[in-house]
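**Student:** Please take these sequences and the hints and turn them into a complete structure.
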Amino acid sequence: MTASLGRPVAAHLDTTTVREDFPILRRLAHGHRLVYLDSAATSQKPRQVLDALRSYYENSNANVHRGVYLLAEEATELYEAARVRVARFIGASSAEEVIFTRNATEAINLVAYTWGQETIGSGDTIAVSALEHHSNFVPWQVLAANRSAQVDVVDLTSEGTLDLDCLDRMLMEKRVRLVAIAGISNVMGTINPLSDIVDLAHGHGAMVLVDAAQMAPHMTMDVRRLDADFVAFTGHKMLAPMGIGVLWAREQLLQSMPPFLFGGEMIRRVTERETTWNDLPWKFEAGTPNVEGAIGLASAIDYLEQIGMKQIRAHEKALVAYALHRLADIPGASILGPRDPALRGGVIAFTVGDIHPHDLASILDRRHGVCIRAGHHCAQPLHERLGLSASARASFYLYNDFEDVDVLCDAIQTAKAVMG
Amino acid sequence: MTASLGRPVAAHLDTTTVREDFPILRRLAHGHRLVYLDSAATSQKPRQVLDALRSYYENSNANVHRGVYLLAEEATELYEAARVRVARFIGASSAEEVIFTRNATEAINLVAYTWGQETIGSGDTIAVSALEHHSNFVPWQVLAANRSAQVDVVDLTSEGTLDLDCLDRMLMEKRVRLVAIAGISNVMGTINPLSDIVDLAHGHGAMVLVDAAQMAPHMTMDVRRLDADFVAFTGHKMLAPMGIGVLWAREQLLQSMPPFLFGGEMIRRVTERETTWNDLPWKFEAGTPNVEGAIGLASAIDYLEQIGMKQIRAHEKALVAYALHRLADIPGASILGPRDPALRGGVIAFTVGDIHPHDLASILDRRHGVCIRAGHHCAQPLHERLGLSASARASFYLYNDFEDVDVLCDAIQTAKAVMG
Amino acid sequence: MLHGVRRAPVPVYLLETSHPVRGGRGRELRPGRLESAVDDLYRELILDAYKNPRNRGRLEEPDASYEDENPLCGDVIRMDLEIRNGVIEAAKFSGHGCAISQASADLILERVKGQPVEVVLSLSREDVFEELGVESLTVSRVKCAMLPLKVLKAAAYGMQPSLKPG
Amino acid sequence: MLHGVRRAPVPVYLLETSHPVRGGRGRELRPGRLESAVDDLYRELILDAYKNPRNRGRLEEPDASYEDENPLCGDVIRMDLEIRNGVIEAAKFSGHGCAISQASADLILERVKGQPVEVVLSLSREDVFEELGVESLTVSRVKCAMLPLKVLKAAAYGMQPSLKPG
Ligand SMILES: Cc1ncc(COP(=O)(O)O)c(C=O)c1O
Ligand SMILES: Cc1ncc(COP(=O)(O)O)c(C=O)c1O
Ligand code: FES
Ligand code: FES
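Residue numbers (the numbering used here), protein chains in the order written: chain A, 1 to 420; chain B, 1001 to 1420; chain C, 2001 to 2166; chain D, 3001 to 3166.
Among the hints, erroneous ones may be present.
[Unchecked claim] According to the in silico footprint, chain B covers these stretches of chain A (three or more CB under 8 Å from chain B):
(1) 18-29
(2) 39-45
(3) 114-127
(4) 222-235
(5) 255-263
(6) 353-366
(7) 407-414
[As the list claims (entries may be wrong)] Derived pair list, reagent style DSS-like, types lysine-lysine, alpha-carbon separation capped at 25 Å:
(8) C:K2153 / C:K2113
(9) D:K3051 / A:K416
(10) D:K3153 / D:K3113
(11) C:K2113 / B:K1416
(12) C:K2113 / C:K2051
(13) D:K3113 / D:K3051
No wet-lab data here; the hints were simulated from the structure.
Every residue, glycine too, gets a C-beta built ideally from N, C-alpha and C.
**Tutor:** Written as structure tokens, this is what we have:
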């Protein structure tokens, strides 16, 4: 897998066939083949998912629950079957543990507004890592401020992995009620050692929330084996449409939490004096749910599992290994996060000399049709720690191939020539 | 427009052409032509909207804001253009006043969690009407309980319209901070006299939140002329996909409110010590938004305005007039709400003798392919006042025709024969 | 041995309609799976039991009573049982609901009258379907059909506190 | 007459990129509208101004200074002005940002040097595009291009408190 040996071939999955399922990959960008390297921001959608949406609206669309006519029964079945599909995908004990939200951000806010408001008190500590996405950072910062508690940031090692000693000290010295941690960093790509973290936290009586927004789409995830308390992820990063996310927690925990949003569906009985709540999972789903989104997510999961999560992970690891290798050959390119592809997901953030990341991204796009992201990637605290105001980021998914990596590297050379 | 003169013809819009745009209307239900009379729960979708969704995913899908490559710029333009489209549809002063939410329920909860938590204090009163949907009732009940305030219910007249004297007395005697009121009742069909209500409330220094979930899809709505303080509505009831809703409020008011959900997009700058918020409207849109939903809503609005909101309203009025007339001929059928079609939207709730509404709905579906809703329609307090545990409800939209009304009435006759 | 009217702590119908996760890929929705060209629901059997119930009413001095609600519609079923030597000597249902729930209540009581209480505990969804003469029911109507059995079981469990639902 | 470095109370760029609601149906997105077969952005003019700025630096004793940030990226531009008899005698920009923002800063200062302060107030988005030699910019890059003008205007308004932005 070296440049002199030429480009590796895709051994783990057949990207040519996969790419045919993604209509958008046929379009040109500024006259070039589209090289989409921003799946960490949002993934593209296969026609199978788009067909499922259309078929739902053309055949079975109705509001769910409480309707007794055929369409309503079909829509309800599809919606609840999607929940079962998600539950099985993540290894949940029952579908009641799967709460549909708008996205990962809402799932995390739900926990902060319900469990958090009830549990976090004066003097408590919420531990977050230094590489959290704003969505797993700001809700805790705000909650802590409201409850006279504090947010403490777990340091990183020089390799860009989590400093478990720092977490250990924190758990020892403070009254930590929650450890909020990303499964995979959306900047460093770091795969966090979740089972160590869960063991440490639980050993000190702290709960663990896993932000799995970058993990669920890219590797097998079993929430029962993981043993965390809350897991949040988002559909649009895993081939599903926008507007659907998931919160998972154990049934007993969800039972003990007060509801979040109030209105239709989430009630048992409403009188002018008082209201009682519906059973799980509906207690947490107020108003008309995004049935389309749930069906789309189930269809996306079907697609992913047909390819195989193990294959996807192996493919991305090979792409990242090749990309790390090729980028290392570009003078001035420096890479954030661990060097070892086994320690990282399909995300590579980098800088090239003193080329501003936005200029880099613009030139890659305009001159080569390469889509990468530039900025802080919703992780300003991390960038501040790294002493960077921005970085460039390429991220991979099952439809990317080794040619995409080559075009990326050629495009970076172009940018160097233009800006040099 | 009497039975003896036969079925009226559609004078206000060409339902034959309209119906061709709705693929689902071609399907059969239990072997019968599908007669969809549950648009108050959710509307069906025209192919123009479905095409817009597909085209978005096949051509321009990317995460919005902050991306500098072509797809991200296109997706951002489409998303923000959809906001402009919505703003123009409702007569907002600027697109910054249009906040995208998941649905009407979330929009109302947003107000309760932000403005409500900051404003409502001990001893304050929130006035709601007796015909509110749970989504415009339970959030206020919970807020009041949290803030040692109270919810007071404005009575109805015997005609099923709002008792303005009761509201007036309430405003006079209590410290009412908010009047939360539906534009059109989803049960009685009542069109509430919003300008009178707004004048009364503002005259006593109370704010007004209009739940326009049943109004925005069916009649012209100009938020500036309306002069309410908050307006909430939901896309899926107006030809748009599920998972998108809107909160409107004046820019100054939105500026003064704290944010609701926390995470990506809604921040200006995040440090480990503190966070500042983004400008409007993004301050209220945490995490990846439902870009598809917004584009679908804009496309739905294009469709509605091409037909004409005035034509739609006139068509529904004619349908309701005909249906009221035909139902009056069925012994045992009794109708909730005002008799005058000018006072009501396209919703008719009714009971037939002592046939259980769920039996009625099942038989209508199984024997004639007619989709109506049975139950409390998320308005339990109203049903309790009416002394009913449930009712049946037929609701109309632009794709319904007079034949649908005839089939409905025939089907009710069948149900009477079966259950008699 | 009189057990007052209470609410079930764990709604039995929920256990029965909860979504199994393990085992198999779950039901795929085949188009038309829920459709029936002829109405197999509002037929003689159900309508007759609904219109001419044989077991509707209250018992004066029941040995066990139970009442619960279908949260989807708010309808309530109550069951009164008279038990002698472990055998259901008399049984009546009351409350209100749709034809499916009322017929189900009547037919299920018809089946258990004169039987040992244990029989109640062994009754399943399939037995209810059999009594109603249907092969399956849609999600919303299955709750109507199962409410009476749920209430009946709760009353029977009340008779035998050692036999709590698993 | 020295105005300290402050933040603008109303971000000027926001006014310029806010979405007009009245008048017309708004821009329709034509496919390809944002595409360009040749890169018209990273060309000689912009790259030269970026690499060899003529107006980069700080003034020792500016009569007016202003600094603001592009919230999309966090980049900051500062402008120092020296004014004599209402004429901009000297002007420098500092801070950091992408090539577009840096080139825009340099070119716009080149244009206003030696001009009456009022000239600054009349400059528009089109003038910036003209200086950069581009016909249009996409939503995200227009903010880069407009940041310097925004900062320059704020500095100039500071000189003439009666001429607040409308
Ligand atoms: C009057 C009224 N308000 C609010 C809602 C809630 O809308 P949604 O469920 O989309 O939030 C509905 C519809 O269900 C409604 O009819
Ligand atoms: C690690 C991580 N957490 C959370 C999120 C938020 O996801 P969403 O915007 O869909 O809520 C993202 C993606 O933006 C992410 O990468
Ligand atoms: S509808 Fe209430 S029990 Fe059937
Ligand atoms: S990217 Fe920061 S100013 Fe252009």
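**Student:** Would you say the segment 255-263 of chain A counts as covered by chain B, given the rule of at least 3 residues with C-beta under 8 Å?
**Tutor:** As far as the segment 255-263 of chain A goes, the hint holds, because 3 residues have Cβ atoms under 8 Å from chain B.
**Student:** For the segment 407-414 of chain A, do three or more residues have a beta carbon lying closer than 8 Å to a beta carbon of chain B?
**Tutor:** violated (count 0)
**Student:** Within the assertion that chain B covers the segment 18-29 of chain A, do at least three residues meet a Cβ-to-Cβ distance smaller than 8 Å?
**Tutor:** Satisfied; 4 residues make the cut.
**Student:** Do the alpha carbons of D:K3051 and A:K416 lie within 25 Å of each other, as the hint requires?
**Tutor:** holds, 13 Å
**Student:** Verify the proposed pairing of C:K2153 with C:K2113, using a straight-line Cα cut of 25 Å.
**Tutor:** Given pair C:K2153, C:K2113 holds - Cα atoms ~14 Å apart, limit 25 Å.
**Student:** Between C:K2113 and B:K1416, is the straight-line Cα distance small enough, at 25 Å or below?
**Tutor:** Violated - the C-alpha atoms of B:K1416 and C:K2113 are around 32 Å apart, more than 25 Å.
**Student:** Holds or violated: C:K2113 with C:K2051, Cα cutoff 25 Å?
**Tutor:** holds, 20 Å
**Student:** Are there three or more residues in the segment 114-127 of chain A whose C-beta lies within less than 8 Å of some C-beta in chain B?
**Tutor:** violated (count 0)
**Student:** Against chain B, does the segment 222-235 of chain A show at least 3 residues with beta-carbon separation below 8 Å?
**Tutor:** Result for this restraint: violated, n = 1.
**Student:** Take a quick look at whether D:K3113 and D:K3051 sit within 25 Å of each other, Cα to Cα.
**Tutor:** It holds: about 20 Å lies between the C-alpha atoms, which stays within 25 Å.
**Student:** Taking 25 Å as the top limit, are the C-alpha atoms of D:K3153 and D:K3113 close enough?
**Tutor:** At roughly 14 Å apart (the allowed maximum being 25 Å), D:K3113 and D:K3153 satisfy the hint.
**Student:** Please check whether the segment 39-45 of chain A has three or more residues whose CB lies within less than 8 Å of a CB on chain B.
**Tutor:** holds (count 4)
Violated hints, in rising order: 3, 4, 7, 11; the structure is consistent with all others.
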